[in-house]
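> Below, each chain spelled out in residue letters.
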Amino acid sequence: MKKADVILLIVILVLGMAGIGFYYGTNRNASYVLVQVDGELVGTYDLREDTVVTICSGQDGENILEIRDGKAEITSANCPNGDCVVHKEISKSNESIVCLPHKMAVWVVTELKEEAPDTYAY
Amino acid sequence: MTKNKKSKVKKIAEYACLLAFAMMVSYVEALLPFQLGIPGAKLGLANVAIVFALYLIGARGAFCINISRVILCGLLFGNMYSMLYSLAGAIFSLLIMIFLKKLPGFSMIGVSIAGGVMHNMGQLCIAVFITSVPVLLYYVPFLMIIGAVTGLLNGWLAKAVCDRVKKQIEK
Ligand SMILES: [Zn+2]
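Residue numbers (the numbering used here), protein chains in the order written: chain A, 1 to 122; chain B, 1 to 171.
Hint data in this document are derived by calculation from the structure and do not stem from the laboratory. Note that the Cβ used here is the ideal one computed from N, Cα and C, for glycine as well. Fair warning: there could be bad hints in the mix.
[As the list claims (entries may be wrong)] The calculated DSSO-like cross-link candidates involving lysine-lysine, where the alpha carbons are at most 27 Å apart (straight line), are:
#	chain 1	residue 1	chain 2	residue 2
1	A	Lys113	A	Lys88
2	B	Lys102	B	Lys166
3	A	Lys3	B	Lys167
4	B	Lys159	A	Lys2
5	A	Lys2	B	Lys166
6	A	Lys3	B	Lys101
7	B	Lys101	B	Lys167
8	B	Lys10	B	Lys101
9	A	Lys92	A	Lys71
10	B	Lys159	B	Lys102
11	B	Lys102	A	Lys3
12	A	Lys103	A	Lys88
13	B	Lys167	A	Lys2
14	B	Lys101	B	Lys159
15	B	Lys101	B	Lys166
16	B	Lys167	B	Lys11
17	A	Lys2	B	Lys101
18	B	Lys10	B	Lys159
19	B	Lys159	A	Lys3
20	B	Lys102	A	Lys2
21	A	Lys3	B	Lys166
22	B	Lys166	B	Lys11
[Stated by the list, open to error] Computed footprint of chain A on chain B; a stretch qualifies when at least three of its residues, placed anywhere within it, have a C-beta under 8 Å from a C-beta of chain A:
#	segment
23	80-90
24	106-120
Use the sequences and the hints to build the structure in full.
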């Protein structure tokens, strides 16, 4: 390993650590879960209300979203790679779970804004 | 004339060996249960073969092998979506590696570290593009660290392979 390699590695690690510090420094307990499929918001849920939701996407895409004890998690899905199921539960702002094959994303926020009104035809 | 023909045969054999090597490590990686649920986080073992190819046959050859590997592995062990997705990571990572290799002072390991980080960034870009959820950008620092560590490991492996193969060629 040459000197330039070591410097590169250290710079990346320091920047990464700083980013992770910022991530944990700014995350707050979230209250709402937003669900988006194919670029469109399809649902908002209260993190304080335990529920199980089936998120449908595309022709036969299904992800089961479970909200329990103030945390949201994808418990099962029929996507090919299963990254969304592997992902740990989320409960803090900054956290998200994605299912790329289904173009689906779930993330949590501390409060709802205008772009996320609490009534949906879902 | 004969010499030219011979070198062409040698080139084809070299490319074929490297492609087989790249596909083999891709397959090994598919068997390993390394999964964090973060879009883009991968061991990227195939990069061992790509870094090695980059040093053995150069940028153009490594590019051909990488693209062929992504397409063939996508057909064999993946699907259309995973193919496009790894293509983004592969192109991002190879471009930065070609660039870094041209700079003085970097060894295979540094090149591989940069490749690992850019591979993850490329895949995250696709993830943000597909979902249009900016909160995904919070994965950037995690992917930098994961990419640097896997890149270090892959670079070290590529160097080990390179040292051994060079000895064989010199014999
Ligand atoms: Zn999924």
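> So, for every hint listed, does it hold in this structure?
Here is what the structure says about each hint:
Pair hint Lys113 of chain A plus Lys88 of chain A holds up; C-alpha atoms about 26 Å apart against a cutoff of 27 Å. Only pairs whose Cα atoms come within 27 Å are accepted, and Lys102 of chain B paired with Lys166 of chain B is accepted, the gap being roughly 21 Å. Under the criterion of a C-alpha separation no larger than 27 Å, the hint pairing Lys3 of chain A with Lys167 of chain B is consistent with the structure, at around 25 Å. Note on Lys159 of chain B and Lys2 of chain A: the hinted pairing holds, with a Cα-Cα distance of about 13 Å set against a maximum of 27 Å.
Restraint check for Lys2 of chain A and Lys166 of chain B: the C-alpha separation of about 20 Å stays at or below 27 Å, so the hint holds. For the hint linking Lys3 of chain A to Lys101 of chain B, the alpha-carbon distance of about 14 Å falls within 27 Å, and the restraint holds. The suggested pairing of Lys101 of chain B with Lys167 of chain B holds, with an alpha-carbon distance near 22 Å, which does not exceed 27 Å. This hinted pair checks out: Lys10 of chain B and Lys101 of chain B have alpha carbons roughly 24 Å apart, not beyond 27 Å.
The suggested pairing of Lys92 of chain A with Lys71 of chain A holds, with an alpha-carbon distance near 9 Å, which does not exceed 27 Å. Simply put, Lys159 of chain B and Lys102 of chain B have alpha-carbon atoms about 17 Å apart, close enough for the 27 Å limit, and the pair holds. A distance of roughly 16 Å separates the Cα atoms of Lys102 of chain B and Lys3 of chain A; the hinted pair therefore holds under the 27 Å criterion. Distance restraint check for Lys103 of chain A and Lys88 of chain A: the Cα-Cα separation of roughly 19 Å lies within the 27 Å cut-off, and the hinted pair is therefore satisfied.
Distance check on the hinted pair: Lys167 of chain B and Lys2 of chain A sit about 21 Å apart at the alpha-carbon level, within 27 Å; holds. Between Lys101 of chain B and Lys159 of chain B the alpha-carbon distance is near 14 Å, which keeps this suggested pair within the 27 Å criterion. For a cut-off of 27 Å, the pair hint linking Lys101 of chain B to Lys166 of chain B stands: about 19 Å separates their Cα positions. Using a Cα cut-off of 27 Å, the hinted pair Lys167 of chain B and Lys11 of chain B holds, with the two alpha carbons roughly 19 Å apart.
With a C-alpha separation of about 13 Å, the suggested pair Lys2 of chain A and Lys101 of chain B falls inside the 27 Å cut-off, and the hint holds. Annotation: proposed proximity of Lys10 of chain B to Lys159 of chain B holds, straight-line Cα distance about 22 Å (limit 27 Å). With a CA separation close to 16 Å, the supplied pair Lys159 of chain B and Lys3 of chain A stays within the 27 Å bound. Note on Lys102 of chain B and Lys2 of chain A: the hinted pairing holds, with a Cα-Cα distance of about 15 Å set against a maximum of 27 Å.
Restraint check for Lys3 of chain A and Lys166 of chain B: satisfied, since their Cα atoms lie roughly 23 Å apart, inside the 27 Å limit. Distance hint between Lys166 of chain B and Lys11 of chain B is fulfilled; the C-alpha atoms sit about 16 Å from each other, no more than 27 Å. Coverage of the segment 80-90 of chain B by chain A holds. Counting CB-CB distances below 8 Å, 3 residues qualify, and the rule asks for three or more. Counting residues of the segment 106-120 of chain B whose C-beta sits closer than 8 Å to any C-beta of chain A gives 7, which meets the bar of three, so the coverage hint holds.
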